[in-house]
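Protein chains: 4
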Amino acid sequence: MLGNLGIAVVGSGRAGMIHARNFASGIDGARLVAMVDPVAEARAAALRELGLDRGYGDYREALADPAVGAVVVVTPTATHREIVVAAAEAGKHVLCEKPMAMTAEECTAMIAACDRGRVRLQLGFMRRYARDFVEAKAAIDAGAVGEVVLVKSHTRGPSVPQPWMYDIAKSNGPLAEVNSHDIDALRWFAGDDFAEVYAIGGNYRCPEARKEHPDFYDNVAMTIRFRRGAQGMIDGAQGVGYAYDARLEVVGTRGVLLVGALQASSVVICGSDSRLVSPAVRSWRDLFADAYREEDRAFVGCVLEDRPPTPSGRDGLEAVRAVNAGNRSIATGQPVKL
Amino acid sequence: MLGNLGIAVVGSGRAGMIHARNFASGIDGARLVAMVDPVAEARAAALRELGLDRGYGDYREALADPAVGAVVVVTPTATHREIVVAAAEAGKHVLCEKPMAMTAEECTAMIAACDRGRVRLQLGFMRRYARDFVEAKAAIDAGAVGEVVLVKSHTRGPSVPQPWMYDIAKSNGPLAEVNSHDIDALRWFAGDDFAEVYAIGGNYRCPEARKEHPDFYDNVAMTIRFRRGAQGMIDGAQGVGYAYDARLEVVGTRGVLLVGALQASSVVICGSDSRLVSPAVRSWRDLFADAYREEDRAFVGCVLEDRPPTPSGRDGLEAVRAVNAGNRSIATGQPVKL
Amino acid sequence: MLGNLGIAVVGSGRAGMIHARNFASGIDGARLVAMVDPVAEARAAALRELGLDRGYGDYREALADPAVGAVVVVTPTATHREIVVAAAEAGKHVLCEKPMAMTAEECTAMIAACDRGRVRLQLGFMRRYARDFVEAKAAIDAGAVGEVVLVKSHTRGPSVPQPWMYDIAKSNGPLAEVNSHDIDALRWFAGDDFAEVYAIGGNYRCPEARKEHPDFYDNVAMTIRFRRGAQGMIDGAQGVGYAYDARLEVVGTRGVLLVGALQASSVVICGSDSRLVSPAVRSWRDLFADAYREEDRAFVGCVLEDRPPTPSGRDGLEAVRAVNAGNRSIATGQPVKL
Amino acid sequence: MLGNLGIAVVGSGRAGMIHARNFASGIDGARLVAMVDPVAEARAAALRELGLDRGYGDYREALADPAVGAVVVVTPTATHREIVVAAAEAGKHVLCEKPMAMTAEECTAMIAACDRGRVRLQLGFMRRYARDFVEAKAAIDAGAVGEVVLVKSHTRGPSVPQPWMYDIAKSNGPLAEVNSHDIDALRWFAGDDFAEVYAIGGNYRCPEARKEHPDFYDNVAMTIRFRRGAQGMIDGAQGVGYAYDARLEVVGTRGVLLVGALQASSVVICGSDSRLVSPAVRSWRDLFADAYREEDRAFVGCVLEDRPPTPSGRDGLEAVRAVNAGNRSIATGQPVKL
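Protein chains in written order, with our numbering: chain A, -5 to 332; chain B, -5 to 332; chain C, -5 to 332; chain D, -5 to 332.
Warning: the hint list may mix true and false statements.
What the hints assert, rightly or not - Capping the alpha-carbon separation at 27 Å, the derived lysine-lysine pairs in DSSO-like fashion look like this: (1) A:205 <-> A:164; (2) A:331 <-> B:331; (3) B:331 <-> B:164; (4) D:164 <-> C:331.
To be verified - The following residues of chain C were derived to be distant from chain A, with all beta-carbon distances above 12 Å: (5) 34; (6) 38; (7) 43; (8) 58; (9) 105; (10) 126; (11) 189; (12) 206; (13) 268; (14) 273; (15) 279; (16) 287; (17) 315.
Treat the hints as calculated values from the structure; they're not laboratory data. For glycine and all other residues, C-beta sits at the position ideal for the given N, C-alpha and C.
Produce the entire structure from the sequences given, and follow the hints as far as they go.
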């Protein structure tokens, strides 16, 4: 099954390069054939690092390339709908990074286009392929804590919000940027959809955004009620100085499960100040390096073996709906039904 | 300063006996002089265990006893107001267990009575005296995580809710029974009062209560906005089979702090099933044994040295207000302002 | 059973005051009646802190005091034999701190005297009463790791060796001062006696001792073979800057058990340097405060209920034999049989 | 630098396949060109899995293959000398698995042959490339614990000793099979060579070997003195049921460092038995998967950039000397100088 699926990665930013490096080596059944980036220098740098010669400035060129069987879409969220719909119409399978899109309507259009084009659409919630999370989910499914009562998850990232994020209407805020993963994880672990959310947000670390963007928040707390009655709690933050902190906890009728760790290695040092010191996880790239690889493998597997991918377009859609409901709740101060 | 303050403990249940044993030995400046319990057998058993001879069936007898300088009130919540007001009028100092009362009005009356009677009123939030929590609070105050952005706290207890708790209007529910501690801890760590809460509740473990008490909840998730803008999250549970689980987390502008542990000892065993196993904390009595002793010491210190106690009646009042706001939010599905 | 056994504590140093404070309050069946210390100021300070009026400059005065039913011997090791033998002859029960004595001969004389005097002799290996160690031993006995193959234990203490310790012939060195506890713990967990030891020592932290005391060591590594064939490993250190570090590990035929922790509290802080920081245990006084209390309780229980104490004089003797064998091995470079 | 160095892996057992899979994809500058295994079925299975067509039954065929620039030797230890010397004479670079050989003489011959043949010789102590160990070593070098006083390391593996290991004279026992890694790690962390060792061994888990092989041991404890005076302790075990347990600890003049963990994932589950449960590491293949990849990368880097490899032939030689000294100590009951 080696070498069958030609991959074009659209976007050569940090996450784009993770996928590109994976497909450049070590993903059975696929090979990286092209990089797409409208910025010439970024494109050239990516090709150089990857030892690749085919670079396109426009994603449409990649879609026209018969060597390309699938695209990985790692561009700004607002461009996802256009690219994914075009890819589907060109008959290219799609691995689309999160958040899927800005609105539920966009997501629905993307799903419909992929259905019409008979191409696979997988969403980039890589925690579904992170070893510890997979192990945790298997334990939950095996009844380790009884019935799921409450799922808590948080993601707090060190990346300082960039000015384009300040306008929540345009960026969908931290709920989209960091908590999309928690939203998907909650749905995955609860095995259920969100019925209602309530969220509060505040700007604690970006004083420069306060005047022009009073609605901007860099810290958010959200409560969720699932359709079948379980509870959820999510919190998120951007620009935390300390680490990349992603942990999840499931309270069941008969137990509790924790997954995720702040500690980055097994090294513990105690020096003359009598303090135990260990390194914290600094980046999602370190924490989820293996998960991205497994995600890319799973995508290739679905395409080559003609199976429905996980997470699906619907998982992407539900996350976008939750993000938007959360943002509406923050804006109105009221719980919002989905 | 030995032997100055005579203590009567009103109520010989589990928490009552913790206080009684403490005052029976090892609290400088105080001595246990009487136990009060209307149930003769319980009273007799307590006196026997404590090696004490003075037992009263009615708290008023203890208040009339000149050897009694202070009372520790460890009776059902609904009786607190009457007992504390009477104690204040009798000139007896008061250490009152949590929750302080059923309503804010009761709390206000208790505070006023203690003010009028010129007696000290301390509330039984013993986490304020738990070594790890004290250490954590000192670190927060020293700026270890920057400004406080979000305080999360949860308490999940193994005690199965008893039928008298099923009627939330009469019991105030888990928010009162277990989460009073989290509410006080949030206020303590944030250094601020609650401005608004939103809570959801559900009954996941007590099917026998569902028919007659559809409003009963044994699991709750609450979001808090503080007056000066910080965020809070609390969750609580009763009847969890697994442990007594009380952990708190503070997210700041520049870091994070965690306090509380599920692990009850340093013992780790790995046997032939390749699983690492450690014992979990089974009871608040184990976890907070030292904290109760420090709390009792602090109370005696405040009385003897004529200092205002911590936590105060106002801390008790604010917690009751938050409990009631949370219950109203659960009932109405809307956020509730305090 | 309250108030039966009058206790005199001989020696008002750090460990002496721990015992004295315990017996001054909270040990059922016993009461502190006298402190012994030849240094008048130290004695006076101890009496003042303890609220006690009976202080003796000479242990013989305490032995002559009819209110004294038992003595706790917390004096320099070289004085133990004389005091314990005299106490036994005076009919006083003895709780003797570790190391029991300087030589096996002294130990044998002490045991014989206590037998003749029909008094109880308990040794001060308080780890036998430390909750985590007790729990670990129970798990081993219950077969949690199968048959015991290897017991490892170490004690590394922050106390800087004092000049009187430099002469190993007079002090018996760190093997006596800190590793006595490990030796006893190994025998306890293996349920067996030492057959042979091999040890190496070195002076790494006390350059000022090197010239006059080339044999002084502040770090030691010892290998043990038990009579029935199990293995042991001990290491010890004095003057480590970092913590009081006492951990034990048991390898069995089917598993492993770890007990003891460097971490002093559940508080973990991660600040802007992305390092997880927790406080380390700074002193055996913190770590074993509860163990000392249980040890003192157990001693009183044995005396009042006429049961043989644990650990016994023989446990003290075997530890001294192991210390001396270890020191001989260091000196000769050869394994030494016991 | 892609595709320059052709690799033949000699031996298709578990470790052989790890190297083969690495070189088959993802190691820049190298490509797997051939597998060598005298067993036809094993060879065929390896080729099939690797998608490779070149398989040799005799290593000499690989050495004669001009496409082969380097060999990875993953055969039984007793064959290492012959293969490595032949490879060196054929001008092929060598990555040789541990233990390097059975005797110091063999090692010396191998080193000399590689020197004469001007080929690189790297030893397969992959812990030198394990992320946590590298981080730990960097901290030690940066002075995190002061001067190194004592290095402790152990490896306890779940693999049940196979009958060919029972004859220590032929297998060199667990000291060679599992503790070679600890020996190398001690030298690496101490930055020094062994001066003297003392070891004891016993057979606790393999009763079937006792009669014919009374010298066989499956558990070993070894004490080490380094040339410049530091101390070392190693223990090792085979056939432990519980996990693959590899941990290292460095005591310095001013601190302590721990590296290695029993816990295999961040998942912690607490169910209704109030026990915290996490999975333990089951195999070195899981634990060191990344380390093998880094080791293979480093080997290719040394060859292509003409740098001396780490660890070197001399590191392999010193480990073999320590293994043999340890076995002699076990046999004679005496410390053995190196």
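Right, here's what the structure says about each hint:
1. A:205 <-> A:164: 17 Å, holds
2. A:331 <-> B:331: With a Cα-Cα distance of about 21 Å, the restraint between residue 331 (chain A) and residue 331 (chain B) holds, given a limit of 27 Å.
3. B:331 <-> B:164: 22 Å, holds
4. D:164 <-> C:331: 30 Å, violated
5. 34: 35 Å, holds
6. 38: Fine: 33 Å to the nearest Cβ keeps residue 38 (chain C) off the interface.
7. 43: Its Cβ never comes within 12 Å of chain A, the nearest being 26 Å, so this holds.
8. 58: 45 Å, holds
9. 105: 39 Å, holds
10. 126: Check passes; 18 Å lies beyond 12 Å.
11. 189: Given a closest Cβ separation of 35 Å, the condition holds.
12. 206: At about 27 Å from chain A, residue 206 (chain C) clears the 12 Å cut-off, so the statement holds.
13. 268: 5 Å, violated
14. 273: 6 Å, violated
15. 279: 14 Å, holds
16. 287: The assertion about residue 287 (chain C) holds, with a minimum of 24 Å to chain A.
17. 315: Check passes; 33 Å lies beyond 12 Å.
Hint violations for this structure: numbers 4, 13 and 14, all remaining hints satisfied.
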